[in-house]
Amino acid sequence: MIIRLIAALTLLGSVSAHSEELQIFDAHLHYSHDAALQIPTEQVVKILRDAGVKKALVSSSDDDGTQKLKAAAPDIVVPALRPYKRRGAISTWMNDLNVIDYLEDRLSQFEYEAIGEFHAYGDDINTKVIQRLIELAKERNLLLHHHGDRAAVDLIFDAWPEARVLWAHSGFAGPDEVADTLETYPKLWADLAYRSDMANAEGVDPDWEKLFMKYPDRFMVGSDTFAPERWYYVGVHADFSRSWLSDLPDDIARKIAFENAVAMIAAK
Amino acid sequence: MVFGMLAGFTAAKSDVLLSEDEIAQTLLHGPWPIEYGKDPSNRVSGNLEAIAFGKALFSDPILSRDENMSCASCHDPEYGFSDALPRAVGQKLLDRNTPSLMNLRSHRWFGWAGGTDNIWAQSIDPILNIDEMGHDAESLRSAIAGSTYPQTYGKLFGDISKHAPEDVLVNISKALAAYQETLRTGQTSFDRFRNALEAGDLTTAGTYSDSAQRGLQLFIGRGNCAFCHSGPAFTNGEFHDAGVPYFITETRVDEGRFGGLKAIKQNPFTLAGDYSDDPEKTGAWAVNQVRFQHSDFGTFRVPGLRGATKTAPYMHNGSLKDLAAVVDHYNAINMERLHVDGEAILQPLGLSPQEKNDLIAFLESLSDDGS
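Line order of the protein sequences matches chains A and B. Numbering-wise, the working numbering puts 34 at position 34 of the first sequence, and it's gapless, one number per residue. Numbering-wise, the working numbering puts 162 at position 162 of the second sequence, and it's gapless, one number per residue.
Among the clues, some could well be false.
Said to hold, decoys possible - If you want a taste of the chain B side facing chain A, the calculated C-beta under 7 angstroms gives, among others:
(1) 246
(2) 247
(3) 286
(4) 290
(5) 291
(6) 293
(7) 294
(8) 297
(9) 333
(10) 337
(11) 339
(12) 340
(13) 341
What the hints contain is simulated information worked out from the structure, not anything from laboratory work. We put the CB at the ideal spot given by N, CA and C, even for glycine.
All chains, please: the whole structure from these sequences, using the hints.
What follows is the structure, given as structure tokens:
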């Protein structure tokens with residue numbers, strides 16, 4: 001495993017020899033305004049294809065980046081609508097009533113599979129803006145890609161018990177809390193973006209491995225391109241994912257790498 | 001005891017603006033200088049002949065294959081052993097700003113990305129880098145053997161003709177390291193202030209300017225600068241995303257610590273390796289234990305702040321021309337670039353013009369040692 005991890009690290013920016021071995025659904029990508037300015041769309045598509053990323057849940061601040069990328073790679077991009085136009089609004093957007101108009105406007109113009117990734121913690125969910133966001137998702141049966149804590153997850157399911165929710169970064173929660181939340185909400189999935197704790201040089205962390213074995217249909221990978229430069233990490237991340245997933249049974253590795261995200265999108 | 005002595009300090013002496021808590025935090029940034037002792041991984045550390053040999057080598061173009069540059073070409077003493085350029089120029093324009101060589105013993109990792117864990121290994125990198133000095137071990141051994149240095153080398157390390165090229169490379173780098181260890185900043189007006197606070201000498205402490213004191217208050221308080229720029233050397237020695245873009249070209253990015261980790265995991269010249277002279281492998285735990293994280297990509301080592309006025313421009317790519325630009329950067333830091341669960345410590349500071357000047361006055365007080 002150590003050798004494999006080092007090998008994965010060595011492959012930065014290069015086309016992986018493993019690209020064709022395990023298809024990747026990257027469930028956490030952004031092509032936001034600054035990335036769209038600095039990295040041409042065709043370059044982004046090349047990065048995805050070189051990395052063996054066959055599908056990607058993409059949301060952007062603002063949404064134009066997602067639309068550009070979808071137009072350039074409709075076979076890859078699964079579009080999600082981020083409710084705010086700039087990442088700097090991460091902690092304030094839920095108090096901005098203009099967000100409702102923005103959401104309604106974009107939803108009337110374009111096709112989406114999800115709303116998110118949106119950041120909300122605890123009582124944020126009870127704001128007028130987020131309650132309307134949930135209503136809009138419910139009207140269209142869209143997935144919610146939520147970044148926040150368990151309290152916020154509870155409130156989302158309070159508002160819409162039948163919701164499909166993708167918990168970004170698995171809430172940055174520990175394995176026990178993730179397990180409890182997945183157990184509580186059968187229609188909750190969890191992405192592993194920007195987390196390195198599920199695998200290290202010794203292999204897959206035992207607590208996480210138990211979780212993957214108990215909930216093999218609920219996890220997925222994601223790289224989180226929160227800054228433009230991180231697009232050049234997508235290939236590395238795909239190889240990293242293939243590396244640690246190879247420690248799991250093949251069927252579970254395939255699920256986490258690709259199939260779970262496909263099933264989540266299809267579970268309308 | 002010290003804190004008890006200082007109780008009521010601000011009430012007793014209006015020239016000292018700090019609260020007891022601020023004084024306690026200030027004391028953590030000293031005493032200075034720190035005496036580190038010899039580097040156990042380098043058998044010629046502290047050896048006066050090695051220091052002199054390293055100093056001679058440092059300015060000798062023999063260390064470059066084409067004999068067209070020396071260590072001092074980029075590490076100029078006039079600029080704190082940096083070069084005043086945004087990005088270094090070797091055989092071509094390089095990717096990063098030339099880091100200062102002052103106070104190297106305070107580091108755990110070396111270079112902007114921490115690709116090495118000791119000073120002699122860090123000295124090997126530019127010698128072998130094709131875009132810098134461009135030697136390989138064999139060409140370096142030939143150059144040294146054909147120079148006036150074999151006798152000095154022999155006294156320190158043994159007969160060069162009997163040494164393998166890699167051993168000569170390491171030995172030359174250890175002589176360079178012995179010299180670089182001696183490059184230290186001295187006591188500054190901040191240290192005199194800090195030491196006076198510790199000693200309860202209100203008169204001396206009161207001579208530290210009000211502006212620098214207010215800047216210090218910002219540094220350890222609202223600015224949270226001390227969170228990363230901690231301790232006597234004003235660095236935690238680790239790697240962070242300071243919100244500085246890291247594109248090198250339109251299609252190439254600087255991997256930062258991620259690349260450094262790749263390098264050090266493959267580097268035979270670490271404290272854990274056979275080239276260390278320390279049978280106890282002191283400090284090797286770090287390279288043995290360090291773990292890759294996704295957040296490493298595009299992060300860079302927190303530089304120490306002592307002597308900083310000499311080492312402009314700043315940041316890994318030299319993109320900030322002076323201390324005012326650095327303060328402006330943090331004052332209006334672009335939160336768009338930072339992961340919400342990454343560098344949560346960073347927020348726009350919202351400093352007034354006076355506060356910015358105060359912070360700069362404090363930073364300048366870390367450099368007025370006359371070195």
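Hints and how they fare:
1. 246: holds (5 angstroms)
2. 247: Where the cut-off is 7 angstroms and the nearest Cβ of chain A is about 6 angstroms from residue 247 (chain B), the hint holds.
3. 286: violated (14 angstroms)
4. 290: violated (10 angstroms)
5. 291: holds (6 angstroms)
6. 293: holds (4 angstroms)
7. 294: With Cβ-Cβ at 5 angstroms, under 7 angstroms, it holds.
8. 297: holds (5 angstroms)
9. 333: Not OK, violated: residue 333 (chain B) not within 7 angstroms of chain A, min 10 angstroms.
10. 337: Holds, about 5 angstroms.
11. 339: For residue 339 (chain B), the interface hint holds, since the closest Cβ of chain A sits about 5 angstroms away, which is under 7 angstroms.
12. 340: holds (5 angstroms)
13. 341: Check passed: Cβ of residue 341 (chain B) comes within 6 angstroms of chain A, closer than 7 angstroms.
Hint compliance for this structure: hints 3, 4, 9 are not met, and every other hint is.
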